[in-house]
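Q: All chains, full assembly: derive it from the sequences and hints.
Each chain, letter by letter, is given below.
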Amino acid sequence: MTSLTFDPLLLAIMAPLAVALAIALGLPKRWSVRLAYAGFGVPALVALWAWWQYGAAPSDHGYAFLRTYSTGLDGLGIRLTLGLNGIALPLFVLAGLVGLAAGLYALQSAAEKLKIYLMLLLVMVGGLMGVFASVDVFFFYFFHELALIPSFLMVGLWGTRGATENSYAAMKMTIYLTLGAMLSLVGLIALYVQSGAAGAHSFNLITLREIIAARPLAETVQHHLFALLLFGFGILVSLWPLHTWAPLGYGAAPSSAAMLHAGVLKKFGLYGLVQIALPLLPAGIAHWGSLLGALAVFGNVLVVGFITMAQRDLKQVVGYSSVMHMGYAFLGVATASVLGLGGVVLLMVAHGLSVALLFLLTTSIHHRTHTFDLTAMGGLARTAPVLAAFFVAGTFASIGLPGFANFWGELTIFVALWKFSHLFTVLAVAGVVISAVYGLRAAARVFFGPPTEAFAIVAAEHPPTDLRWNERVPALILLAALLFIGFWPRSLSAPLNATLVQLSAPAAVAPAAK
Amino acid sequence: MTMLSHALFVLLLPLGSAAVIALFLRRAGAIASILSVVTATAIAAIAVILALHPERFEASMEWLRLGDFSVRLGVKYDDLAALMLCIVGVVGLCVHVFSLGYMHEDGAKARYFGGLSIFMFSMIGLTLADNLFMMFIFWELVGYSSYALIGHWHERASASDAAKKAFITNRVGDFGFLLGIILCYWANGTVNLTELGAGHVSSRLIPLLLFCGAVGKSAQLPLQVWLPDAMEGPTPVSALIHAATMVAAGIYMLCRINVLMVPDALTVIMWVGTATAVYAAFCAITQRDIKKVLAYSTLSQLGYMVAAFGLGSLAIDHHGHRLVIAAGVGAAMFHLTTHAFFKALLFLGSGSVIHGCHHEQDIFKMGGLRTRMPVTFWTFTIGVAAIIGLPFLAGFFSKDAILYLAYANNKAVFVILALTAILTALYMTRLWRITFFGEPRSESAAHAHEGGPTLTLPLVVLALLAVVGGYRAHYPAGFEGVFSQVPEAEGTDHLVILLTSLFVLAVGAGTALAFYRPAATDALEEKAPALYRWLAAKLWFDEVYGYYIDKVQQRGAMLLNYLEQIFLAGVIIRGLAGLVGLVGLGARALHVGRLNVYVYWFLFGVVALWLFATGVF
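In order, the protein sequences belong to chains Y and G.
The first sequence begins at 1 in the working numbering and counts up one residue at a time.
The second sequence begins at 515 in the working numbering and counts up one residue at a time.
Calculated directly from the structure, the hints in this document are not laboratory data.
Short derived list, chain G residues pointing at chain Y, Cβ under 10 angstroms:
#1 D582
#2 R625
#3 G657
#4 Y661
#5 D675
#6 L692
#7 G1070
#8 A1071
#9 L1073
Counterexamples of contact, computed for chain Y against chain G with all Cβ distances above 10 angstroms:
#10 P8
#11 L11
#12 M14
#13 A18
#14 W31
#15 W52
#16 T68
#17 T164
#18 A286
#19 H462
#20 P463
#21 N470
#22 F484
Ideal placement from N, C-alpha and C gives every residue a C-beta, glycine not left out.
A: Here you go:
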């Protein structure tokens, strides 16, 4: 089925990888920078184009832009199949936009060894575009690893903390995330073999779905497979109590890597659950849903929510708040309903955009305050009103103010959750108050009131400037996307709903075999 | 243009204004202010055109759909919405014009007027919303606008804290509101106001949860603490948001969901409102800051409205046959209307005083403003007369409607509300006397002067409305759906209410005139210091909440953080590593340094996982 005609999805994956390769082969710095713009820009443009064209594009098994390429490993069932359904499309767009913003922010950052930094970022972007465009489970996993490895290197090499702390953070992240990835890999392979897809020689998700729809797995098998995927993916998404790598890692990660990791890469696990695990293993979620919900609401939302309140370090506030918001996503997964899962996907996109925005601004704040310590700041809005406006907007987005995309994710999850558990709903909605407390407190401590003495000294030495244009552009890209989805949720919810309804149908007519 | 497109236009216009200001006019404060005022003018004009037009309509479109769940973006334009929209438009215009003068010197004018536009957008959306989800969305957005405008002078720590407190306190109320909406959705399958009116499941919990939202937004007990602090915002903001419109949104929302009410829920609402009314009136007596007096007065009047709503319906004799009217809705909305006029007038008047006295807000440092600021004095006097219920002014009619409803439905509430009315007359007369009479008691008061026409014109307009606002017969017919529900005392009842009302006015104002003289100190503080201190403590609400936040919440958070660091990062994770180390010691026997052995171990692990995956154990 190899096609020689132009394929934008392949272009979105290959363009950043090709630029990375060119830089690796010794492109001079001036040209590296110029080409990097293309490397970050092309995936974003393709993503927007795909979003625009999705409704009009012909659909094949629920996928648009579906193409398959032979890899020479057809005997093992491995083919590069690219396509987007309503679940993949929002995340593909997310990856494109955050990739562009992170890239632009890196290009103005004057990082040391900029060429290698850009190269690693480009590999991450290419990998991320591949994760969400892959219809083939093998490549889904392959692209994730491709994007994951540079993130370890970036934390270790360009970390924002001391050298020891950086390497500790990098190591902890590596151990946790590799473990999570291993667990989910075993789960995926087991799924492949158990379902009988191995006999059909196909890692293709569409084929897997057809096989399982025709012959559902036994319930106990589903339980075990789902456990591997749930806890494997769960580690990657910082499910409590397996989350401790996240604030540490993000605290140390350089801004662009944190943007891409917390914003996009982390969503791989949730995406795997929504796209692969839930439709194929309905009995699995029925079995594990209550435990997942309890961990998410007591652990991620309440415990981590309170812990976030106690943080004094701005980057830790953002890092922990990100762990907290993943709790809402897990709650949506636990409901296993079209409404809840739709909420999860909306929240993934919204959270990805807003957390990337906050990490970006956190670094910009650091450039002006020379510290992340919230007790040594204050009054920055006097000299940097635009930075303040962006940060306040990002904060309100992340605490779920209507008008921003995050609101829709949280709202739909809350509504869906009521049918799952009344208690969980009450506790989860209470979390909304918690996030308002720490979000507004952080914004006030950085920007409002009189400056603290410590900051007054720093400000006297380095008078803080407002956000420069090359910092504003990436921030604007993220903010504009948050507002667009916030005001026009249908742009994402319509394709999402179509796919979720279609995927939930076979499970309804073919219950798991006893 | 159809009326629907008028409604959409009036909704989107301020959003456009805010967007243009944010994107292009950040440094051009003068242009931004003009754009914002022109927008407000257009809003007021269209609001009146819509109200005068006989057409009432509903329309909606799908905003988001997932499965069977959908959120719709819709407009429900009935008489209630028409009335609210007119109030928002007219008071909004007055405040915008006043702001031109009041904020003239401000360095961040563009941000201020952009904020006002965002507020108008949110408030109009809230007014027009045809379903509870949409109402919640705009409800949160007015909360955001309020946050942004309270914190306008963010250099002051007090303003920043007040903004934060307002938003978070409102969120506590919204916690209940959102749960109520979710419950309502699952119980009825819809949150559309009209569809709920056609049929719904009777429930006590749902209306009470929804009422939590009103408790936050309309600052009822026990969430009233944010409103006095919100006076940190510029005074025109206090007039528009924290007196006339946004804080009244809670009452408007209750009237919107009136159909969902059941007697038990109404009783709770009635008592919360009554308690707030009398509590805030006591608090107002000891305040020294001109805006704080008005803030507590607003709390008290909002309590009046909530109590009125809670008093519920009334059976009346209508041309010989009995008729049940939604008297609670009628009385609450009537008082909301007149209150919007006279309280906005009083706040803008206080703004004019503050502006004239070079930002002095302590009434004991004022005095003698009667001759120095005549327009402000006379308009403020009309405002005071209206709020204390002087006959033939706006407040007289609406307060009497509430008192009559209380008299008819619940005598205890009637007594408490009458007491509140005495206190209202007392503290308002105190404020008026100390501020405007006697000799100036500070430099700034001695040099006080009237502001320009942008400051005085809105005062005159609002004073006119405070005079005529009580004559329901002269309102356009378009508000008939609301005003026909206002209870009116007849016969002996009428006499009782009239006498009560004159009595409370005479007692309250008389006491204040006899007791308070224009002086540099509070007469009550001198003569009864213990009583004064007790009143000034305001039942220690702020202290209790402060204790909870600092000692319970923050310490709990720190404890959890500590546990997380110690247990998870320290003991469990490193402890596991230690365990692995121990196993490793034991396994050192196997540690033979040959690659093939490691491969075996690796395979062993994979097989173990595999067996788990296939469900063997």
